[in-house]
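Engineer: Listed in order, the protein sequences are those of chains A and B. To convert, note that position 187 of the first sequence is 186 in numbering that gives the first Met the number 0; the numbers rise steadily by one, no gaps. To convert, note that position 97 of the second sequence is 96 in numbering that gives the first Met the number 0; the numbers rise steadily by one, no gaps.
There may be inaccurate statements among the hints.
Said to hold, decoys possible - For lysine-lysine, the following DSBU-like pairs were computed, each having C-alpha atoms within a straight-line distance of at most 30 angstroms:
#, chain 1, residue 1, chain 2, residue 2
1, B, Lys-334, A, Lys-75
2, A, Lys-59, B, Lys-158
3, B, Lys-53, B, Lys-215
4, B, Lys-215, A, Lys-59
5, B, Lys-158, A, Lys-84
6, B, Lys-422, A, Lys-59
7, B, Lys-176, A, Lys-59
8, A, Lys-75, B, Lys-215
Said to hold, decoys possible - Chain B regions said to be covered by chain A (calculated; three or more residues, Cβ under 8 angstroms):
#, stretch
9, 75-83
10, 137-148
11, 239-248
12, 395-404
If you're looking for bench data, these hints aren't it; they were derived computationally from the structure. Just so it is clear, the structure is predicted and the values come from calculations on it, not from any experiment. Cβ atoms here follow ideal geometry from the backbone N, Cα and C, with glycine treated the same way.
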Amino acid sequence: MSTSTAKQTSSLTFKRRKLRAPYLLLIPAVGILVIGMGYPLVWQIVTSMQEFGLQQQFGKPAPFVLFDNYIELATKASLWVVVGKSILFCLVTAVVTLAVGLALALLMNAVSKGPRLVLQVALLLAWSMPVVAAMTVWIWLFDRRRGAINYLLDAIPGVDMNRFDWLENPLTFFAVASIIVIWMSVPFVAFSAYAGLTQVSEEVMEAAQLDGANGWQRFWGIILPMIRPVIAIVFLLQIIWDLRVFTQITMLQDAGSKSSEFDLLGTYIYKLGTKAQDFGMASAVSILVLAITIILSWFYIRSLLKEDES
Amino acid sequence: MKRKFVAAAAATAAVLILAGCATSTPTPADEGGEDITLWLNGGDTPETLRDYLKTEYADATGGTLTIEEQSWTDALAKLTTALPDAENTPDVVEIGNTWSPTFTNAGAFTDVSDLYDELGGSKLLPSFVEVGEVDGANFALPYYFGSRYAFYRKDIWEKAGLTVPTTLAEFNESAAKLKTDSQSGFYIGGEDWRNGVSWIFANGGDLAVKDGDEWKSSLADPKSVEGLEQLQTLFADASLAPVTEADSTPWVNINDNESTGKPEAATIIAPGWAHWSIGDLAPDPADDTKTIATWNDDVFGTFVLPGADGGVAPVFAGGSNIAISAASKNQAASKELLKIVFSADYQQLLGENGLGPANLDYASSLGDDQFAAALIESAADSKLTPAAPGWAAVEGSGLLEEFFGKVNGGGDVAALAAEYDAKIDELING
């Protein structure tokens with residue numbers, strides 16, 4: 000938000016000192032941020048330096064332990080396994096989401112109005128479906144006994160998928176989770192990319208075609224560079240969302256196992272905090288996730304800012 | 000144009016991130032004096048009992064009693080966040096008996112010692128009273144008790160020439176014999192520690208022992224290990240359940256499967272009230288998407304899990320306690336509700352509905368059918384989980400599910416037991 004206002008004034012540098020309006024306009028946004036995010040963040044940081052358990056939740060004073068929680072975290076091998084799994088899950092899911100979303104956007108751009116409308120309605124329905132409702136259906140689809148997925152796969156000659164338990168093994172568990180998360184986030188990527196594609200000028204495309212560039216060359220050499228800013232921001236969002244994925248994992252755990260092998264960062268923190276009642280430690284892990292998010296997205300934010308300046 | 004798009008996208012991104020952060024669970028606050036809220040867990044309390052409470056409460060106080068049902072899986076997390084908050088706390092709560100020590104020690108509940116004698120006093124189930132007590136003062140009182148026993152398919156057992164087992168070893172053997180490719184001899188989920196723990200108890204082991212003032216997890220005790228090894232063998236030889244399945248709805252497996260016409264299991268173990276869900280299935284005349292189970296004595300039977308040397312194996316004592324939230328603004332009205340819960344009529348109703356009444360004077364209300372007999376016989380030897388201050392955290396952390404899952408998955412029992420003892424010790428003392 001701040002970049003947009005700053006950008007418009009940058010061409011008017013000579014006037015900059017006199018312009019107070021942009022700063023006044025910033026106040027509501029910054030205010031909301033400070034109240035909405037600042038308070039929980041400060042609380043989180045303070046708690047992460049305390050020994051805060053159930054007794055403290057019911058009013059006992061919480062002793063400050065400074066960085067003890069963080070030191071304990073750093074030496075906890077099980078946490079780093081979860082961190083590794085979460086990052087891998089997030090990257091794989093975000094990349095596949097992006098690829099599928101982009102492909103659908105190209106499809107929307109290529110087909111005529113009728114099919115495009117059908118595609119858009121289908122995507123919108125997937126996007127607007129409440130998570131819990133969608134998850135319930137997905138869990139039924141992958142059900143061990145009566146799931147449609149096992150039924151269909153089993154119908155293929157030579158494939159024995161009768162009663163295959165998708166949620167029993169971490170690898171298939173996360174594959175299912177990934178498919179569901181991708182299904183839920185593809186519409187956003189597809190629509191954003193499609194919006195970007197409509198900005199690619201027809202003249203350029205026609206000229207390239209006349210010069211003999213084939214479809215792949217046009218995509219790689221013209222379309223992709225032109226919609227790169229959209230792709231970059233969408234990818235950044237996917238990374239942030241997929242890193243803190245919670246609902247899908249926790250609902251799959253309800254259907255399968257709550258064992259720690261099936262944890263990603265979101266469920267790990269939830270279990271540590273509200274279930275094992277160690278709020279201090281859970282806050283420390285949350286701060287760690289915040290740090291990981293910033294590190295992962297830093298590269299993108301920087302390149303976005305650079306693009307803005309150029 | 001491109002720039003504008005980026006800016007718009009960035010702004011959208013910020014809004015979306017903000018929106019994603021908002022989480023809140025609105026609970027109706029009840030500031031209107033006499034209107035109170037009661038949290039019950041799961042569907043264990045039948046509808047007739049709920050209606051009774053609402054009517055009686057309205058008659059006694061003129062206020063409205065709102066009953067909100069929490070799922071057993073989320074109850075622990077919800078209680079932890081709602082109870083300390085005067086604006087959002089339920090006034091009266093049902094809590095799992097095993098969580099009582101944790102919340103009682105944390106100061107979550109109101110001292111009801113002054114009401115104790117009026118509500119039943121020494122006639123209330125002692126082990127449940129104990130877990131809700133601190134320094135002789137009563138905070139959480141028993142609500143109902145249940146107990147687990149085995150349900151079996153008479154037709155299948157008879158066909159295989161087997162009779163009701165009298166020792167645990169015989170049970171294990173028979174269950175293994177009854178397993179086929181499509182039928183569990185004994186259906187038990189790999190992570191189902193609440194039922195699996197009976198094998199530890201039966202061999203003289205325990206989950207944790209108190210050493211001076213400190214609790215210590217005792218899974219690696221030789222007796223516990225022996226029980227766990229028996230369970231591991233039993234799971235491999237007799238159960239087709241997934242190793243990741245926890246305490247779920249095992250009764251669906253003993254009824255005939257709608258598509259195959261055969262049961263998935265010859266034997267299950269379940270809380271006593273599961274018998275309402277077991278039997279010959281027929282469509283519900285009121286709602287044709289549902290089925291009703293009618294118990295059939297020719298096909299189904301019950302027996303109490305036998306002990307290692309005959310007799311009865313100690314099973315996990317299920318049940319709940321009930322308490323008033325210390326943060327509630329309606330203390331007097333909440334006490335009125337407790338008086339209704341502990342009234343003779345309500346205790347009688349509990350028993351008639353298959354729930355062990357908190358006041359043992361009313362135990363006869365359970366009746367004298369085979370279910371009541373099995374419930375009373377198995378409850379007599381049942382055991383509670385350790386009354387350690389951190390026990391709710393141990394349960395909440397899911398370590399026991401994880402441990403039993405790994406044992407039943409075929410892991411090395413002694414090594415796993417030592418590993419999980421260390422993990423549980425970190426939490427068990429609160």
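Engineer: Return the numbers of the hints above that this structure violates; sort them in rising order.
Structural biologist: 1, 2, 3, 5, 7 and 10
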